[in-house]
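J.: Using the hints, put the two chains back together into the complex; each one sits in its own frame.
Chain by chain, the residues run as shown.
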Amino acid sequence: MSAQPKILLLDDDQDFLDLYREMLSKHLSSLPEVRTASSGPRALALLESETFTLMIVDLHMPKMDGLQVLSIARRKYPQLRLVVLTSIRDEQFRARAYGMGVDQYWIKPESDQEMGLFMESIESLLNREAQGGFRGVQSKSLVDIIQLECLSQSSSVLKITNGVVEGKIWIQNGEVIHAEAPECSAEPAFQRILSWKAGNFETMPAEPNRERTIFTSYQGLLLNTAQALDEAASQILPIESTGNGSPANAATLLAELSQLNGVEFVLAVGSGENPSQDFWGLENPKPMSDWMRETLENFQSLGDRLQAGQLQQVVGTGPQRKVALAPCAKSRLCVGFPPTLSAEQLRDTMKSILTKWVS
Amino acid sequence: MGLLSFFSKSRSRLMRLPSGSFTLDREGRVMTSTLPQSFPESQMCAIGEKVLASFRAAQRAQMPLSEIIVHYAALKLLARELRGGAIIFLVPQAFNQNLKRSPTNSRHL
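So the protein lines, in turn, are chains A and B.
Each residue of the first sequence is one higher than the last, beginning at 5 in my numbering.
Each residue of the second sequence is one higher than the last, beginning at 280 in my numbering.
Since the hints were made in silico from the structure, they are not lab data.
Bear in mind that the values here come from a model prediction, so they are computed numbers and not experimental data.
Every residue gets a Cβ at the ideal spot worked out from N, C-alpha and C, and that includes glycine.
A couple of the hints might just be wrong.
Quick partial rundown of chain A residues pointing at chain B, CB under 7 angstroms, derived from the structure [said to hold, decoys possible]: (1) GLU95; (2) GLN96; (3) PRO291; (4) TRP295; (5) THR299; (6) GLY313; (7) GLN314; (8) GLN316; (9) GLN317; (10) GLY320.
For reference, chain B alone in the conformation it holds in the complex (with noise of 0.2 angstroms):
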């Protein structure tokens, strides 16, 4: 199998949206997380630095927020504020599903 591997084309993995949540602390850390080890820290700190940005700009126009919710055509991002931190969860959203929820998936998102 091993050499049959040498001779197959090499492909970059096209990446999956991920499933799961991190937390990220005031300085934009990733602290914790439950994502696949193949997403990349890179996006998730460049997730957290957007979410972190808007709670700060919030706050600045004096509108203090405590959870945003994103909803794009294919996935789906919660973050709630953790002392100037925040948790984020991240849902990818199926085919023709975006922003319809089940009342069991609401009560958590």
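For reference, chain A alone in the conformation it holds in the complex (with noise of 0.2 angstroms):
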């Protein structure tokens, strides 16, 4: 990464341009390079040529609006930064915007004080991405990060999101002091969280009164985890798999989520030109993966024409069954329930699954 960053500025208005690039190429200690556009295509022209490390999109101009740049950006360029700028107040379209993974949604600043909190912001913005956060590094495992911030001495909260789950690892002065995952906490929430095989990662500010809950030192953390990994990857169930993917991990997990709440049947297919394909409960999961695959596309690709931002879940309801889709990291799910079962229970167990799914 380049040592000044660099902002992209999208608005219509030419004064507001102007008057953005000097405050924030001046006033932010960062001293970044600010470039502007006003226009969607001369944005988009200018991130295919160049690279920033944030864009600030106002939503309303001509031509190309800035919910369908957000669009583009966001999928083109997952690393960039983005943060909306507009006079809009509108709940629906701060929504969207986050829907579609923004990082902040600002309205434009009315006075000093509200200028003073938006420059702030993208400082802050800006300085975690020049601290080297870990977001989109794929060559680094959770284990060598830790090791890291622990030989460092470093204090700080590392923020692990894995799909729909998050995690949180409390370090202080090089040691391990506390883990928090979904549904459960200490130790056990640190091997929970190592279970993940990929995600983002960020470094937030020390918490240094946090409760220390792990007395374990951070080298017997990391043996005692890969142990742990090691056994679960072990105990292997005879459930079915075909294709080139990895039948131990998926069996032992499709069996686990087969105890769950009502779950009759559960498909995950990967991604890829021979995706790999594991199933619990069914005899021919041929027609149910045609149809899941077909419904997902079908769905995330009129996501991507409403600007409704991501395609979370797909529940259809039949006279035999309920059945649930849904995109799962780099995998597809579709898991069947009675047809008696409440959407509220579905709900549920549709959230543990995942979680479950993704760790």
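T.: Written out as structure tokens, the structure reads:
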């Protein structure tokens, strides 16, 4: 990453562009280089030719509106920080912008105080980037990152997001002192988080007052966790699998998922040209797998067209059963339930399934 | 005022996600709609096309469905099968309210 951050400012109002370019380039301590674009196509062309740290986007613009630009930018440049700066005070647009993965949504400041807060937030986003947040870094495992933090005697909070689930690890003076994951805390939470294969990392400021719940050294913790993961992987149950996936892990997991409230069958299909296919409770998974693929692709493209944000879940109800589909990490999941299961029960069970799956 | 509007910049309207319902026949043609007129019919047809395709694909998979609910981050779409066509409800979702419903809403959607 270059030392000087680069900001792309997109608005159709030239006066606004001139004013904010001046302010951002001169009043932020990181002294970013600020480029401007007065239309969506121009901004996308700049993104294509140069690397930016952050893009600030107005929503209301002629021809190509801000939501269209955000949708393309998020898909093509996942590392790019996105900030909406608009005069539209509308919860729906805020929800849609966050649904598309923007980092912040700001109403155009109307006072010095609001302007100060806006500038601080931009500085904070740039600093987080300059300090080397782990977002999108594929070559480092979580173990590497924890070792780095501990060896450098750091104090910080690691926030790890894995699909729909989130975990945190508190590090104080190079020691892991606490961890939290869905439905657990302390050492079990640490083990749960370390079992995640991929995700995003954020280093947050230390919380020195956090109560210590983990007293094992970080080396001991990593050793215990590696041992626990090895043992879990060796407990393979006879679940069917096709393709080039990892039957051992999938088998253990599918057996676990089948125990959840009302689950009649589970089908997991990986991505890629020759995707792995693991299933439990189905005799012939192909028709279901084809329907899942077609339906999720259809509704994903519809979501892009409507700018309705990320597709989270599809639930179908028929006389024989209910079926829930969800894109999940690099897989797609299809889970069958009895038709009598209530919407609330189905939602809760799917939440547990997705949490366990991304783990 | 007319003179002033002559000088004002022309801006495209940001499309709001609509709230309401519409019905489709088995060919995917829009029959009735309670959606605002500002929401283009082409978008309704696009939604209808995907919904009908999913109902038909489910039928082919020998799993006939009478209802499909699609949860997006900012929109919930509920479709009920109607003799080969469908009635489709669109409900924009408020921030942080996705997949959460009040008991009164859950009776309908």
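J.: Confirm or reject each hint.
T.: Structure-based check of each hint:
no.	hint	in the structure
1	GLU95	holds, 6 angstroms
2	GLN96	holds, 5 angstroms
3	PRO291	holds, 4 angstroms
4	TRP295	holds, 4 angstroms
5	THR299	holds, 5 angstroms
6	GLY313	holds, 3 angstroms
7	GLN314	holds, 5 angstroms
8	GLN316	holds, 4 angstroms
9	GLN317	holds, 5 angstroms
10	GLY320	holds, 4 angstroms
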